[in-house]
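**Student:** Sequence:
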Amino acid sequence: MKKIINKKKPKNHIFLDLDSTIINSLSPDEIKLCNDNNFNPLDLFKCHKYYFKNKLEFYIFERPHLQSFLDFLFKHFNVSVFTAAQKDYATFIVDNIIEINPNRRLTYFFYSYHSDITYNYMRGLKDLNILWSIYDLDDVKPCNTIILDDNNEVFSTNKRNCIKVPEFSIILEKENPNAKDNLNEEQENIKIVNFSIKDDHYLYRDVYEDLKNKEKYFSDTLCPLHFPIGNIKTKNAICKLDF
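Residue numbers (full-length UniProt numbering): 1 to 243.
If you are wondering where the hints come from, they were derived from the structure by calculation, not from laboratory data. Wrong hints could be hidden among the right ones.
Claimed, not checked - Ranges between beta-carbon positions, derived for each pair:
1. D71 / E167: 22 to 28 angstroms
2. Y135 / P28: 17 to 23 angstroms
3. D210 / N35: 22 to 28 angstroms
4. P142 / K87: 34 to 40 angstroms
5. F52 / D116: 34 to 40 angstroms
6. K55 / R160: 24 to 30 angstroms
7. N40 / R160: 38 to 44 angstroms
8. P166 / S27: 21 to 27 angstroms
9. Y113 / N35: 32 to 38 angstroms
10. D36 / N120: 24 to 30 angstroms
For glycine and all other residues, C-beta sits at the position ideal for the given N, C-alpha and C.
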C-alpha cells in the first residue's frame, strides 16, 4: 500500500476497481477474434496499448464517459484504487488513464499484494477492513469509505460499503460453453458484444443515486459523517461524451 498524497480537505473516500469496472483489457488474439466477426472495438472505445518486455500484452479500453466521471469523483471525494491486478499493469492504468491531469491525484493505491491478503486471511476479496484494521489508516473508516466494483464477491464481502456496477466487457463467455453456432471451434466459447455507449451513459446516474443512498444510510445508522453530495443535481453526475 502506498499513500500518494496528503489530503487538504476532509473528503470521504471512493476506492475504484479497475478491470471490468472502469476499463476492459483484451489480448491481441481477442482483438483478432473481434475483427474476424466484423467488430472492431478500436472504432468505438478509447484505447491504450500496454506492453510488457517490449511485447504488446493488452489493448486497454476505457469505459464510455469515464473521463468525465473521474472528474466528478475527484472533485467530491478522495479517490483511491483497490485492484486485484499486478502492480506494473495497474500503475500503467493509473498513469495513462486516471492521473492524466494535475487535478487528479490518488490518495491510496492497493494492488494484487493487498488483494491476496484479504482473500487468504480476511473475510474475502478486497475486504475493506484491511484499511482500518490492518493498516490503521486513521482517515479511512467504515462510515466514510465506498468501493466501486463489478465483482459479486467484493460486494458480498463489503455489502454496506460497496456499490456494485455492471460489468464492462467487450467479449463475454457464452452462457453455455458447449453450445454450437456459426462460429468456428476456436471462437465457440466467446461472444462479441457491441457495447452500447448510449446505454452506459446511465451507469453514472445509477452510481450517483447509490451514493446518495449511502449518504442517507451512513448518516442515519453509523455516525454523523456522511457523503456531502446531497445538493448536487443528478445531471452533474451524468457525463458528457468523450468520443
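**Student:** Indicate, hint by hint, whether the structure satisfies it.
**Tutor:** Status of each hint after checking the structure:
1. D71 / E167: 22 to 28 angstroms: holds (23 angstroms)
2. Y135 / P28: 17 to 23 angstroms: Distance hint for Y135, P28 is violated at roughly 38 angstroms.
3. D210 / N35: 22 to 28 angstroms: violated (36 angstroms)
4. P142 / K87: 34 to 40 angstroms: violated (26 angstroms)
5. F52 / D116: 34 to 40 angstroms: violated (20 angstroms)
6. K55 / R160: 24 to 30 angstroms: The hint (24 to 30 angstroms, Cβ to Cβ) is violated, given that K55 and R160 are roughly 42 angstroms apart.
7. N40 / R160: 38 to 44 angstroms: Between N40 and R160, where Cβ atoms are some 41 angstroms apart, the hint holds.
8. P166 / S27: 21 to 27 angstroms: Holds: the Cβ-Cβ distance is about 22 angstroms, inside 21 to 27 angstroms.
9. Y113 / N35: 32 to 38 angstroms: Between Y113 and N35, where Cβ atoms are some 36 angstroms apart, the hint holds.
10. D36 / N120: 24 to 30 angstroms: violated (40 angstroms)
The structure is inconsistent with the numbered hints 2, 3, 4, 5, 6 and 10, although it conforms to all the rest.
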